[in-house]
Amino acid sequence: MTGTLNMVGYGLSAIGPGIGIGLIWAALLNGVARQPEARGMLQPMAFIGFALTEALAILGLVFALVL
Amino acid sequence: MTGLVLAAGFPTPGQQDFEFPPFIPGVSWATKPVLLAAVSIVLIVGFFTYAMRKPKLVPGKLQFVAEMGYDFIRNSLARDSIGDEYKKYVPWLLSLFFFLLLNNLFGLFPLTLFPTMSRVSFCYALAIISWIGFIAIGIRKHGFVGYFKAMLFPPGVPKYVYPLLTPLEFMSTVLVRPITLSLRLFANMFAGHMLMLVFVTGGEYLLFHESGIIRAAGPLSWALVIALSFIEVLIQVLQAYIFTVLTALYIGGALADEH
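Listed in order, the protein sequences are those of chains S and V.
The numbers in my numbering rise by one with no breaks, and the one at position 43 of the first sequence is 43.
The numbers in my numbering rise by one with no breaks, and the one at position 205 of the second sequence is 205.
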């Protein structure tokens with residue numbers, strides 16, 4: 001059985017962004033459930049935060065494949 | 001562990017399955033993804049011109065579909081993300097979204113069976129277009145100095161934070177944005193297609209090249225492919241949407257008066 005340990009590292013590095021993205025969408029759901037008319041304002045903010053958080057996972061994937 | 005030993009002859013799908021020989025001999029760029037991208041452009045332009053050839057006040061079926069797509073991009077994507085000056089950017093976002101959507105859906109369409117965006121160069125090109133786009137829009141709106149001053153030195157922050165904040169803002173806005181934009185799309189399409197390849201070829205291998213009870217795992221693997229296909233469609237539509245909505249948000253951020 002052969003393979004690269006990088007992928008284990010990538011799996012570990014995906015934990016943080018996974019939790020973070022879950023928190024972001026949970027917060028958005030909470031906000032929209034309490035105040036449905038605020039969706040148009042909340043959604044762009046959620047997407048910005050989502051993009052920033054997912055950047056970590058993507059960087060992890062890149063480094064796992066490159067290094 | 002025994003499973004691994006049994007499947008020792010299984011040719012693992014990999015990067016080589018994403019590389020195609022050119023269909024015109026001697027022209028190295030004329031490969032399947034390029035053809036797919038060209039076909040998608042023809043299809044999109046053809047569909048919208050055909051659907052809107054005689055626009056009526058009470059739309060027919062095709063016109064209704066085209067108008068629904070336009071309405072979705074214009075109202076729920078561009079207007080909410082960009083703000084008051086959204087009308088200028090609707091054509092860009094519309095073509096971007098439908099180009100991405102069609103090319104992603106090619107990954108499961110039986111005649112094509114290859115997502116164009118699983119070749120990273122397409123994603124780089126699209127991300128560079130978006131990157132140049134939002135920076136140019138910001139510079140045109142605020143002037144070169146004004147735009148970078150608003151971006152790198154946001155007002156309302158204590159002076160001693162700038163040494164920390166300015167490099168971070170520069171990194172996140174100028175360097176990380178195009179990278180994540182392209183690689184998010186690429187990684188999702190590549191991984192999704194690879195997943196399908198593994199389960200399809202693995203099922204074939206288990207069914208035809210193994211013996212005994214383990215052959216039953218072959219059809220099981222194919223059943224999983226059907227279930228995964230639905231998730232794939234969801235991911236493909238979602239990635240097209242995310243790319244477009246992030247482009248719109250970056251344009252909105254470049255147009256905003258104070259960051």
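Honestly, the hints are just simulated from the structure, not real lab data.
Built from N, CA and C at the ideal position, the CB exists for glycine as well.
One or more hints might be untrue.
Unchecked claim - Residues from chain V shown here face chain S by an in silico Cβ test under 10 Å; the list is partial: (1) THR31; (2) SER81; (3) LYS149; (4) LEU152; (5) ILE179; (6) LEU181.
Unchecked claim - Computed spacing ranges between beta-carbons, pair by pair: (7) V:TRP222 - S:THR4: 35 to 43 Å; (8) V:VAL157 - S:ARG39: 28 to 36 Å; (9) S:ILE15 - V:PRO163: 43 to 51 Å; (10) S:LEU56 - V:LYS56: 45 to 53 Å; (11) V:LEU197 - S:GLY40: 33 to 41 Å; (12) V:GLU19 - S:VAL62: 31 to 39 Å; (13) S:PRO36 - V:ARG140: 30 to 38 Å; (14) S:VAL8 - V:ASP257: 19 to 27 Å; (15) S:VAL62 - V:PRO59: 24 to 32 Å; (16) S:GLU37 - V:GLU19: 47 to 55 Å; (17) S:VAL8 - V:PRO110: 32 to 40 Å; (18) S:PRO36 - V:VAL45: 33 to 41 Å; (19) S:THR4 - V:PRO59: 53 to 61 Å; (20) V:THR166 - S:VAL62: 19 to 27 Å.
Stated by the list, open to error - Quick look at which bits of chain S chain V covers, simulated, 3 or more residues with Cβ under 8 Å: (21) 35-45; (22) 51-58.
Where does the structure disagree with the numbered hints, that is, which hint numbers, in rising order?
1, 3, 4, 7, 9, 12, 14, 15
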